[in-house]
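**Student:** Listed below, chain by chain, are the residues.
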Amino acid sequence: MRTFSGKIWALIVGFLLITITFMYVFTDFLYEQLYVEDTEKSMIEFGERLATKYKGGAVSDELIAEIEEHNNYGVFNVIAVRNPRELSACVPFDIDYQTLIGPDERSQLLDGNPVMKIGYEERFERQIISVILPFTDENRLEGILYLYYPLAKISELASKEVVLLIAGVVLFSIMIGYLVFRGLRRIMSPLRELQGAVHRMSTGDYRARVAVSSKDEVGQLSEAFNQMAEAIQQEDEERKAFLATVSHELRTPISYVKGYSESIQNGFMEGEQRDEAIGLIAREANRMERLTNELLQLVHIDTDKADEMYPIALAETLRDSVALIKAKAVEKEIGILLKVDEDIIIEADEEKIRQIFINLLENAIRYSNKGTSISLTSMIEEQSAIIQVKDKGIGIPKEDLPRILERFYRVNKARSRADGGSGLGLSIVDQLVKQHQGTLHIDSELEIGTTVTVRLPLMEE
Amino acid sequence: MKKMIVVLLMCIFLISGCNEERFTKIDSHQPFVASVNILDPSLSFFDNEGKEIAVWDFDVAYTGAALIQHDHVLMYGHDLTEAHLYSLSTGKREAVIKCGAGTTNAYYDEQTERFFLTNSKKNTVTSYNLQAAKISEQKLYNYPMSMASNAGLLYVLNYKDTILSVLDIETLQVVDEWEIPKSSHGIAILADQHAVWIGGHGQGNRPNDTIDVYNLETGKKQKEISMPLMPVGISTKEQEVAVISHGKSTLYVAAADGEVLWSQKIGANPFATTYFEKWIIIAGYDDQTIYFVDEQGIAKKAKTKKGPFQLLAREDTR
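These protein sequences, in sequence, are chains A and B.
Position 244 of the first sequence, counted from 1, bears residue number 244 in the UniProt record's numbering, the numbering being contiguous throughout.
Position 303 of the second sequence, counted from 1, bears residue number 303 in the UniProt record's numbering, the numbering being contiguous throughout.
One or more hints might be untrue.
[Stated by the list, open to error] List time: in silico BS3-like cross-link candidates among lysine-lysine, alpha-carbon distance up to 25 Å:
| # | chain 1 | residue 1 | chain 2 | residue 2 |
| --- | --- | --- | --- | --- |
| 1 | A | LYS55 | B | LYS265 |
| 2 | B | LYS98 | B | LYS121 |
| 3 | B | LYS134 | B | LYS122 |
| 4 | A | LYS53 | B | LYS265 |
| 5 | A | LYS215 | A | LYS7 |
[Unchecked claim] Label-pair distances were calculated between CB atoms; the ranges are:
| # | chain 1 | residue 1 | chain 2 | residue 2 | range |
| --- | --- | --- | --- | --- | --- |
| 6 | A | LYS53 | B | SER263 | 21 to 29 Å |
| 7 | A | LYS53 | B | ALA299 | 51 to 59 Å |
| 8 | A | VAL75 | B | GLU177 | 51 to 59 Å |
| 9 | A | TYR120 | B | ASP57 | 36 to 44 Å |
| 10 | B | LYS98 | A | VAL75 | 55 to 63 Å |
[As the list claims (entries may be wrong)] Computed from the model, here is a short list of chain B residues facing chain A with C-beta under 10 Å:
| # | residue |
| --- | --- |
| 11 | ILE38 |
| 12 | THR104 |
| 13 | PHE271 |
These are calculated hints, taken from the structure and not from any lab test.
From the three backbone atoms N, C-alpha and C, an ideal C-beta is built for every residue, glycine too.
One chain only, chain B, in its complex shape:
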């Protein structure tokens, strides 16, 4: 009987221990770039020297993440019915969002302090406030995924459709719909240029090799910038755009007007790029490596866990 009680207590302890799962704390003043690894579900945190700060190993199959404000990270998975909000400074899970299976992407809008989840099963986009409470939801086209926001509007690419949906960010009412190619992925808005850059994989066995630039107001395609093959990761900083083409493992750095300034072959099958302090960071999906790059080339590289698919960057905002 005594033994049973001990075992029972141990079980309770273990269960409560699981609930109280706590990861390595990330100092709130610590700038980092983190790779979201999807084959070994985990987050690998690195400082600006390429040194690994922490690794958060998950036992659920997260497929993506988004930074929410300064201290939170939202983790979601395409096959998971919940998304989870973690505090970086405490390493603890703070909220559970019952979003249902099929989440394809999460996007945080600083202006409205809301985050958005797209869902491929329901073909919807849903907005939440910082308390993880649902605000509104809008049905879109087949497989909504990539998102960007500007001036009170939310732009959503329907991945398996030929439509870009422009929504009112507050009400999620559809304001406009643009025609885009199928399998579009990766969007960046260059407001000063009145331009929206859209990347993609291409259709069927024909890979896409351009970034299409659309007029921000009219939605008309203005030009195509050749960045072979399959440019899907776009990141902007000031008047510069970094585009990663995973088909040829090439990073293109272009001026805001679309002129390619320089390019370089980096990593193996990279999907993600982001600006981080003075670097452009590239995550090689097949070689499990993140690269710290500048115009001179690769400055540093660091190994991640298997399948780095997204990058999250937090700079020092003191």
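So here's chain A without its partners, still in its complex pose:
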């Protein structure tokens, strides 16, 4: 009885047994109340009509005969009794004889009231309903009219078939018990399946799914489970892919570093060739450093969710970002046009905001052609600060746009890593913007340019 279905089964069968018992008792009660009451009433009516035959004086043989004549036609048995011994007339004396009526009934009859009795009567050797009416003459109890009717109790009715009755009840209970058991099994089977699936999940099998066969609570639960399993599986796959990508990204510079350093060590490279190799090693080491830095940054963004936020003047931060990136732009002969709204105040982590725009500006510079220009503008629109970084670079193909924010996603997979992109920059930007309750939107057209729009909430007054 430790299983849930076992408990429900016991509950249902228990209630069923209680119901059967209650119905039995209640039926018996109703039977007594209605049947007995009704019988008593008609007995009194009949008896009172019959009692009118008595006109006073002693109860005569003729009267007795006339009354007992009714036994041939009537529903009730009726006897007229005048023997004072039967009427408890000797009651002050010790009588070793079972009288038809007792002293209490006698006094009730003497008061002119009918007596009603239900119960076992030794005289008739059975349960009877009886009504006794007095024949009184000047306070004298001359006789009585005794009407009786066998009271067949339900239990007595069934007494012959009592084995059948009990067997019926037992069989019925067993049958109901079995049906309830089967029904519960059916109802509980999705739960059992779900339990199995959860178990499989816990052992690492994320492909575990359950069949949804109903729309009830259990069905909804199964569906929710399937969604959860789907999400977990996807997450797991992403994690694996991420790890694979990270390993892959690191393997290339490591193999460069390993190859060139071994060559130098073994003396295969000399002079200018060696210097060039050392430069390559340094570059690849830098790339690895940057990559690990950015990975660390990503992890940081994931873990430190809510950093301390302060009101900052956005214009100032944007100018800082531009100043920091200026050298790279100059190197590539790219001009940066800054047009900022000086009044914008946002609540933010200044370091992170700066990081956002450095990343965006770096990207813009990286994918712009020499001699073009980049514009950085900020304005207020609908309680938000809108910051746009617009370049006239190579643009992003339409089919790549939806995935541009994924980690390690690159538009040109074949492109040499020499152009510096780790594939994490936009991912970091996206995370940081989200951390500031902002949105990131990228519009791009191939060979025309890209516009990145960042929308950040203004500080509330």
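The hints should help you fit chain B onto chain A, whose structure is shown.
**Tutor:** Only chain B this time, still in chain A's reference frame:
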């Protein structure tokens, strides 16, 4: 503390008050007939005009009584372990008799100035003197009850047996035993006729409808007098016998030789009859009424308390 003392004193007063229970005095010159009521344990006293003189209400369940001499009444109860002797003129209890439970009847014999108590638990008869001291006791048959005495002999009917015991009234030694029907009740001795009249209820569901007359000396049944149904109360005066049959609520008045002189339906389920001055008194158990009857019929009637079962009559003996 003061309150407690007051309450205590009141309790003592109440208790002593109970012990000093005193009923209405009955003037010793006052003739009366009294009904012993057993459903409302009480004595109802009436004068010869049918006027109620006094009612003694008891708080113990007495089931019978006997007049002792002129001024005392002995009250007993079948379930009581004591019988009590009251003085009529003072209304006070004068003696307690530790007789044990089961007392069925009390009988006073004027000649020997003794009274006798029959007991259904011990199946005995016990004699007492006027000082309520036990004299002797005799074991009898099942349920001794009705008693009568004559010429130094005590006649006891064993109610649930078929034997009448004849005892020496002084020693209570059994002198003779007669065969009688079961459930015999009511006995009267007509010494001049050498006859003993015995009534009874009958056996089982068959009611008795005769008075059986036995020979006083031999104990042989001489005749049966038809007096239906269930004649159980017998009273005699001079050469007349009054018999009450409770089954048909009928009073039969017969001559000493057994000839029924007249009869009349009276009361409801009467058990007791007695002669009182010029009347025959009948007590109707079911209708709680006593009737003053003569040959002309019912002259007076008076209500008693519930269950008048016995009658005690005291005539003016001045």
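**Student:** Would you mind marking each hint as holding or not holding in the structure?
**Tutor:** Evaluation of the provided hints:
Between LYS55/A and LYS265/B the CA atoms are separated by roughly 17 Å; this keeps the pair inside 25 Å, and the hint holds. For the hint linking LYS98/B to LYS121/B, the alpha-carbon distance of about 14 Å falls within 25 Å, and the restraint holds. Note on LYS134/B and LYS122/B: the hinted pairing holds, with a Cα-Cα distance of about 15 Å set against a maximum of 25 Å. Between LYS53/A and LYS265/B, the direct Cα distance comes to roughly 22 Å. Compliance with the 25 Å bound is thereby established for this hinted pair.
Restraint check: the Cα-Cα separation between LYS215/A and LYS7/A comes to about 24 Å, which is no more than 25 Å; the hinted pair holds. Between LYS53/A and SER263/B the CB atoms are about 27 Å apart, so this pair conforms to the stated range of 21 to 29 Å. In this structure the hint that LYS53/A and ALA299/B lie 51 to 59 Å apart at CB is violated, the actual value being about 35 Å. Checked against the hint of 51 to 59 Å, the pair VAL75/A and GLU177/B passes, with Cβ atoms roughly 55 Å apart.
At roughly 39 Å, the beta-carbon separation of TYR120/A and ASP57/B lies within the given 36 to 44 Å, and the hint holds. For the pair LYS98/B and VAL75/A, the beta carbons lie near 59 Å from each other, so the given range of 55 to 63 Å is met. At its closest, the beta carbon of ILE38/B sits 6 Å from a beta carbon of chain A; the interface hint therefore holds under the 10 Å criterion. Checking THR104/B against chain A by beta carbon gives a least distance of about 8 Å; that is within 10 Å, so the hint holds.
A distance limit of 10 Å between C-beta atoms decides the matter here; for PHE271/B the minimum to chain A is near 7 Å, and the interface restraint holds.
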